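On the provided structure of chain A, position chain B as indicated by the hints.
So the chains spell out like this:
Number of protein chains: 2
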Amino acid sequence: MENPSSSNIEKLQQDCYHEWMRLQAKRMTDLKQALTNGEKNDDELRELIETVIGEFKDYAGKRSEQSRRYSSNYFAPTWNTCLENALLWMGGCRPSSFIRLVYAMCGSQTELRLANFLRNDNLDGLSMALGETPGLDEAGESMSDLTPEQLYKINELHLKTVQEENKLSKQAATLQEDTADMPIALAAFYKEEIGEADVEVESALDKYEANMARILTEADKLRLTTLTQVVEILTVVQAVDFLLAGKKLHLSMHEWGRLREHRRLESCGGGGDPGGEFSGG
Amino acid sequence: MENPSSSNIEKLQQDCYHEWMRLQAKRMTDLKQALTNGEKNDDELRELIETVIGEFKDYAGKRSEQSRRYSSNYFAPTWNTCLENALLWMGGCRPSSFIRLVYAMCGSQTELRLANFLRNDNLDGLSMALGETPGLDEAGESMSDLTPEQLYKINELHLKTVQEENKLSKQAATLQEDTADMPIALAAFYKEEIGEADVEVESALDKYEANMARILTEADKLRLTTLTQVVEILTVVQAVDFLLAGKKLHLSMHEWGRLREHRRLESCGGGGDPGGEFSGG
Numbered sequence: 001m002e003n004p005s006s007s008n009i010e011k012l013q014q015d016c017y018h019e020w021m022r023l024q025a026k027r028m029t030d031l032k033q034a035l036t037n038g039e040k041n042d043d044e045l046r047e048l049i050e051t052v053i054g055e056f057k058d059y060a061g062k063r064s065e066q067s068r069r070y071s072s073n074y075f076a077p078t079w080n081t082c083l084e085n086a087l088l089w090m091g092g093c094r095p096s097s098f099i100r101l102v103y104a105m106c107g108s109q110t111e112l113r114l115a116n117f118l119r120n121d122n123l124d125g126l127s128m129a130l131g132e133t134p135g136l137d138e139a140g141e142s143m144s145d146l147t148p149e150q151l152y153k154i155n156e157l158h159l160k161t162v163q164e165e166n167k168l169s170k171q172a173a174t175l176q177e178d179t180a181d182m183p184i185a186l187a188a189f190y191k192e193e194i195g196e197a198d199v200e201v202e203s204a205l206d207k208y209e210a211n212m213a214r215i216l217t218e219a220d221k222l223r224l225t226t227l228t229q230v231v232e233i234l235t236v237v238q239a240v241d242f243l244l245a246g247k248k249l250h251l252s253m254h255e256w257g258r259l260r261e262h263r264r265l266e267s268c269g270g271g272g273d274p275g276g277e278f279s280g281g
Numbered sequence: 001m002e003n004p005s006s007s008n009i010e011k012l013q014q015d016c017y018h019e020w021m022r023l024q025a026k027r028m029t030d031l032k033q034a035l036t037n038g039e040k041n042d043d044e045l046r047e048l049i050e051t052v053i054g055e056f057k058d059y060a061g062k063r064s065e066q067s068r069r070y071s072s073n074y075f076a077p078t079w080n081t082c083l084e085n086a087l088l089w090m091g092g093c094r095p096s097s098f099i100r101l102v103y104a105m106c107g108s109q110t111e112l113r114l115a116n117f118l119r120n121d122n123l124d125g126l127s128m129a130l131g132e133t134p135g136l137d138e139a140g141e142s143m144s145d146l147t148p149e150q151l152y153k154i155n156e157l158h159l160k161t162v163q164e165e166n167k168l169s170k171q172a173a174t175l176q177e178d179t180a181d182m183p184i185a186l187a188a189f190y191k192e193e194i195g196e197a198d199v200e201v202e203s204a205l206d207k208y209e210a211n212m213a214r215i216l217t218e219a220d221k222l223r224l225t226t227l228t229q230v231v232e233i234l235t236v237v238q239a240v241d242f243l244l245a246g247k248k249l250h251l252s253m254h255e256w257g258r259l260r261e262h263r264r265l266e267s268c269g270g271g272g273d274p275g276g277e278f279s280g281g
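Here the protein sequences come in this chain order: A and B.
Using UniProt numbering, read the first sequence as starting at 1 and increasing by one per residue.
Using UniProt numbering, read the second sequence as starting at 1 and increasing by one per residue.
No wet-lab data here; the hints were simulated from the structure.
Quick caveat: nothing in here was measured; it's all calculated off a predicted structure.
Be a bit skeptical, because a hint or two may be false.
The list treats identical chains as interchangeable, and a pair is accepted whether it falls inside one copy or across any two copies.
Claimed, not checked - Lysine-lysine pairs mimicking PhoX-like chemistry, simulated, CA-CA at most 25 Å apart:
#: 1; residue 1: Lys57; residue 2: Lys221
#: 2; residue 1: Lys170; residue 2: Lys160
#: 3; residue 1: Lys191; residue 2: Lys26
#: 4; residue 1: Lys32; residue 2: Lys191
#: 5; residue 1: Lys167; residue 2: Lys26
#: 6; residue 1: Lys221; residue 2: Lys170
#: 7; residue 1: Lys160; residue 2: Lys191
#: 8; residue 1: Lys26; residue 2: Lys160
#: 9; residue 1: Lys57; residue 2: Lys167
Extracted from the complex, chain A is given alone in its bound form (with noise of 0.2 Å):
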């Protein structure tokens, strides 16, 4: 359909990202199946990580799609929690936050082994502070094992990551700013009746969703940019590490977000459903 109704849109956009959701709960779990099973086959888990991105390009697709028109939904979805909402960028998390879960990872995995090594002062101990862990096989621990090339590559990463972000948050700035001028100020100035229907306002109204969907598109090229990135600076064991825990930061971001909501709503009578939507195992 060229013109799909506005209604079937907002109700397109809801379900898209309901079905990216169950998706990701989905691919939590194949991840780690993959990493316990210590599957070593290189070829299995690039192609595992080959899907996980090409599934967030695709999803980044059809927001882009379905923003066209109506972007407003987007930059503070009712289908989020109020945390998530509180923590959005541009429609999502920052991409810079991708970078910062890497140091995260990286740097706990070197105190857990550094801990290790100080507690047993064996030649286990030792061996696991040098890197030479037999299997591999406990999540996360790859990270610790970022050679010096590539946390750099990392940084540079970061820096160059920082100043795309603040290129689109000026663009947005200076339209949020926009509609502060003509025409929308003085339509609303001029009228005798407040929010009295005007063709000018309505299109240039239309005009900024138009454009906040471009930013948004282009927020979300540079989530797939990074993202892609940051996996191509690690090896495909670590990477499958790092996506692992970014699935399971924002699935857990999203039940933390639903627990403080229904707690605040608790106390007053309102209840709700307390029970995770994706807490698989």
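Using the frame of chain A, we list chain B on its own:
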């Protein structure tokens, strides 16, 4: 009460907003009245301006008080329309948009005056073009009389305000990135169950909300300072025109957002009340 329950806080936040919007509608009428009555008594106008600014200060104070524990609500409030939330910067309008509004008003009035001059090549037209209007009782007209000195000061304020906005945006970006770090990201990674409760995560999320509350308070302070400084640069009649334009823009945007949402729901049989909340004549 030292520790009102969270449900009370949520209700208070919403009530506080509705009370504020009612007050906006009332003050809009008062400001309009003061202008159309052609009140030349600067003291009376000045008193009205002080009242309006004082009320904004009170509102900011209440928000600061009420956001201390649950600030997430303010970053994409459920009481706003999607359109308003897509325009939000730190729980409100961009302080720099106050300045854009001054420029918009000034530019449109100058255009109007020039058009009048070109239309009536007589003495009346000439005197209007020279700003020698007899009564200044046309809404907004005072804004075309901004002196070069006033415009210079407004421009200085614009630059300073954008710098302050950027500082706060940067602080919020850092806080957002931090949630992809320890302890939140790691707890998410090592939990077997998605969304499993965790004292350390809860405390980190509480800290995040408290930090965002601090930024919200800073942003409200910046909005207040900018508003106050714009008013100080303007003459009293200009200030009344400007405050009236600001209130009309805020109230209109809320109504236009409602109308756009209604139109989307209408097409799928949802309905709702298309009548405005604050449609003052």
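Hints breached by this structure | 5, 7, 8
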